[in-house]
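Peer 1: From just these sequences and the hints, can you work out the full model?
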Amino acid sequence: MSGTGDQVSTDGEHGSPNGEPLLVLEGIDTFYGPIHILQGLNLEVRAGELVCLLGGNASGKSTTLKTILGIVEPRNGTVRLEGEDVTRRPTSYRIRKGIAIVPENRRLFAPMTVLENLEMGAYLHGGGSKEDFERVYSLFPVLYERRSQLAGTLSGGEQQMVAMGRALMAKPKLLLMDEPSMGLAPILVERSFEIIKQVHEAGVAMLVVEQNANVSLSIADRGYVLSTGRLVLEGKADELRENEDLRKAYLGR
Amino acid sequence: MAGSGSDIPPVPTRPEQAPAPRIGVDEWVATHEARRDLGRGLVGVVRRELERVPRPGFYLAFAVAAALLPVVTSNGYVIRVGFDTLLYMLLALGLNIVVGYAGLLDLGYVAFYGFGAYGYAMLASPKFGLHWSTLAVVPVVVVATAILGFLVALPSRRLLGDYLAIVTLFFGQLFVTVVQNGQAMSFLGFTRPYDVTGGPNGIPDIDPFNAFGGRISSLDGYYYAALAIFLAALAAVYLVDQSRTGRAWKSLREDALAAELMGMPVNRLKLVAFAFGAAIAGLTGTLFAALNTAVFAADFDVPTLIIVYAMLILGGAGSLGGVILGALIVNVSLEVLRTPGHATWVFYGLLAATLVVKVRPWRWLAAVVVGTAGLGFAAHAVAAAAWPRGVHGEPAVGGVLGSGLRHWVLLPTDPRTIGNVAFVCLVLAVLWVTTLRGWAQKLALVPTLYLAAFVWENRLIDEPSVTRLILVGVILIVLMNARPQGLVGSARVEIV
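As you go down the protein sequences, you meet chains A and X in turn. 216 is the number of the first residue of the first sequence in our numbering; add one for each residue after it. 170 is the number of the first residue of the second sequence in our numbering; add one for each residue after it.
These are calculated hints, taken from the structure and not from any lab test. Every residue, glycine too, gets a C-beta built ideally from N, C-alpha and C. Check each hint, because a few of them may be wrong.
As the list claims (entries may be wrong) - Taking beta-carbon pairs under 7 Å as the criterion, some of the chain X residues facing chain A (in silico):
{"hint": "1", "residue": "R413"}
{"hint": "2", "residue": "R416"}
{"hint": "3", "residue": "S420"}
{"hint": "4", "residue": "E423"}
{"hint": "5", "residue": "D424"}
{"hint": "6", "residue": "A427"}
{"hint": "7", "residue": "L430"}
{"hint": "8", "residue": "M431"}
{"hint": "9", "residue": "G432"}
{"hint": "10", "residue": "M433"}
Peer 2: As structure tokens, then:
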């Protein structure tokens with residue numbers, strides 16, 4: 216249906232049969248000019264997992280996402296999606312393999328309606344079927360009420376829902392979320408993460424990039440902590456929450 | 170509270186069961202509909218009724234009104250202006266796809282118009298002895314222009330904004346230069362020079378539209394042909410606008426990166442928009458060539474481009490109704506302003522409208538008007554005594570306005586030099602007034618207005634060809650200040 220050049224083979228709902236993780240980053244070195252941003256990054260997301268990537272400002276979180284999406288190309292290392300090496304593949308190819316992203320600051324199409332925004336999310340699937348819309352509306356009932364309203368006139372929380380709904384319309388295997396708590400009031404941050412948890416429980420693997428360690432670790436299966444381009448901590452979310460260094464750095468107690 | 174380190178409260182399973190406030194229901198949004206319904210009175214009723222009419226209804230109303238023009242008037246000049254306006258509507262329609270939908274700043278657009286006109290001229294004139302049927306020429310020219318648009322877009326598809334504008338402007342100028350000097354073209358210097366475009370002499374004696382042995386020979390016939398073609402193109406663009414491709418163009422315009430992250434073929438969408446817009450311009454060119462029976466390169470230069478852009482921006486880029494309104498207002502204004510009498514009414518009307526909108530409260534407005542009138546009569550009386558030559562001229566407009574002006578504004582017998590000086594003073598005075606605030610501004614407004622009237626009567630009115638462009642520019646500035654999104658363009662909503 217997409218009609219965009221070469222078709223991507225898809226084998227199974229959750230990753231390839233040989234147990235290969237959905238996404239693997241291996242020994243990634245990314246440079247901006249002479250500046251070494253990501254230094255030997257290793258990271259993986261398994262099918263159905265919710266992984267969070269934590270880090271302060273300038274720790275390389277966004278660069279990691281850009282490397283996964285192919286917006287920047289790493290100098291060394293490989294990016295594998297369902298076992299296939301996509302390091303030298305363009306962004307469009309990776310999107311068609313089943314990655315979707317909720318970008319930082321949401322990046323909605325402001326003068327278009329909620330319905331049109333959702334439809335554009337399913338661009339590769341011919342604009343989305345009735346079931347796709349119903350799935351998103353059942354997760355976010357308020358979007359059904361606002362479907363013919365311009366996305367730019369919605370409040371911040373509703374815009375966040377449109378951004379997530381738009382990404383889910385693509386029926387992704389892996390959903391990337393870039394700072395979902397940014398620009399939201401504390402109460403909305405918690406609600407936003409409840410929604411992330413719900414989406415995850417529906418079977419979508421997620422990589423959530425966040426500064427807010429407390430909330431994101433509370434819903435994640437595993438977590439990675441980045442600092443100036445290096446992984447400094449990784450492990451199960453519960454263990455990370457108990458970790459003394461992390462507490463000092465992020466949780467403030 | 171989040172981030173405070175306390176335990177996270179238990180997560181409810183469904184959002185609607187949550188006791189917490191619903192996410193994102195803020196008061197302004199929640200009361201949006203109610204507020205809209207509050208619009209009472211005649212304006213509110215009219216607005217609500219108009220909102221209920223589906224968009225094709227407006228286009229149908231326009232089609233009926235336009236079709237009736239040759240019925241209600243047999244004035245050839247009026248119908249000719251109508252034909253030109255339809256051509257501009259077609260051009261703005263094509264440009265609307267490229268600029269309004271896809272957001273690509275194409276400054277070489279009129280070259281496609283010229284390519285279409287020259288294409289028709291070459292295939293249906295004694296120039297090369299070809300006299301193809303219109304039914305063959307028009308499809309060939311349209312397809313060729315679309316391919317040309319595709320080729321121009323091909324190297325430019327990675328360019329954004331200003332850079333695309335520079336490259337396409339270069340292409341537009343290249344077209345004009347090549348056509349202007351095309352009377353002796355040789356293929357890379359290997360062949361002897363051929364006369365391809367007629368150079369500055371253009372291509373004359375172009376065949377009229379003809380098919381099935383008949384031909385269109387009357388102006389009315391061309392008017393209806395242009396109307397039919399415009400309506401067909403409008404329908405095509407409307408359907409594309411309503412399609413997924415149309416919405417993909419708009420997403421591309423709003424946020425190209427987000428569009429790409431949704432898997433949209435960004436480059437291909439740009440190429441298609443460019444080719445589609447070019448095809449409509451090429452089609453318009455064939456109509457232009459057939460009615461005018463001659464084509465010259467100068468018709469496809471930057472001034473035409475600017476007029477089409479003015480129409481698109483005034484009407485509201487991205488809106489089909491705006492294309493119709495913008496072309497109508499700009500082209501009809503330009504025609505009306507050709508006559509000094511009409512132009513004078515437009516000039517004072519514009520001054521009055523600006524004063525009414527900008528000078529508030531009404532006490533100030535009354536004071537400024539009375540002050541300006543008083544200053545004029547006083548100056549006239551003083552000049553009549555001290556400088557008789559200064560009041561001997563005649564106003565260009567007759568009637569009530571003319572006799573009023575004769576006793577108010579100074580009209581020297583030889584106004585050229587003093588008019589030029591006054592014009593420069595007027596520009597400086599306007600700039601000065603905009604820097605002032607409060608009562609000082611109102612006070613300064615009085616001599617400035619009088620100076621404006623003086624400059625208009627003594628200098629601007631003598632050269633309508635320049636003045637009409639200045640006036641249309643002023644109209645554009647005033648209107649765009651009032652409605653930055655264009656007359657019927659949807660408001661650009663920025664995410665904050």
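Peer 1: Given a cut of 7 Å on the nearest C-beta pair, is the interface hint for M431 of chain X held or broken against chain A?
Peer 2: 5 Å, holds
Peer 1: With 7 Å as the cut and Cβ atoms as the points, is R416 of chain X at the interface with chain A?
Peer 2: 5 Å, holds
Peer 1: The hint names M433 of chain X as touching chain A; please verify it with the least Cβ-Cβ distance against 7 Å.
Peer 2: 5 Å, holds
Peer 1: Does the CB of E423 of chain X sit less than 7 Å away from some CB of chain A?
Peer 2: 4 Å, holds
Peer 1: Close enough to count: is the Cβ of R413 of chain X nearer than 7 Å to one in chain A?
Peer 2: This interface hint holds because 5 Å falls under the 7 Å limit.
Peer 1: Given a cut of 7 Å on the nearest C-beta pair, is the interface hint for A427 of chain X held or broken against chain A?
Peer 2: 4 Å, holds
Peer 1: Any CB of chain A closer than 7 Å to the CB of D424 of chain X?
Peer 2: 5 Å, holds
Peer 1: Should the interface hint for L430 of chain X be scored as holding, given a Cβ-Cβ cut-off of 7 Å against chain A?
Peer 2: 5 Å, holds
Peer 1: Regarding the hint that S420 of chain X lies at the interface with chain A, is the smallest CB-CB distance below 7 Å?
Peer 2: Holds - the Cβ of S420 of chain X comes within 7 Å of chain A, reaching about 5 Å at its closest.
Peer 1: Have a go at the G432 of chain X hint: is there a Cβ in chain A nearer than 7 Å to its own Cβ?
Peer 2: G432 of chain X check passes; min Cβ-Cβ to chain A is 4 Å, inside 7 Å.
Of the numbered hints stated above, none is contradicted by the structure.
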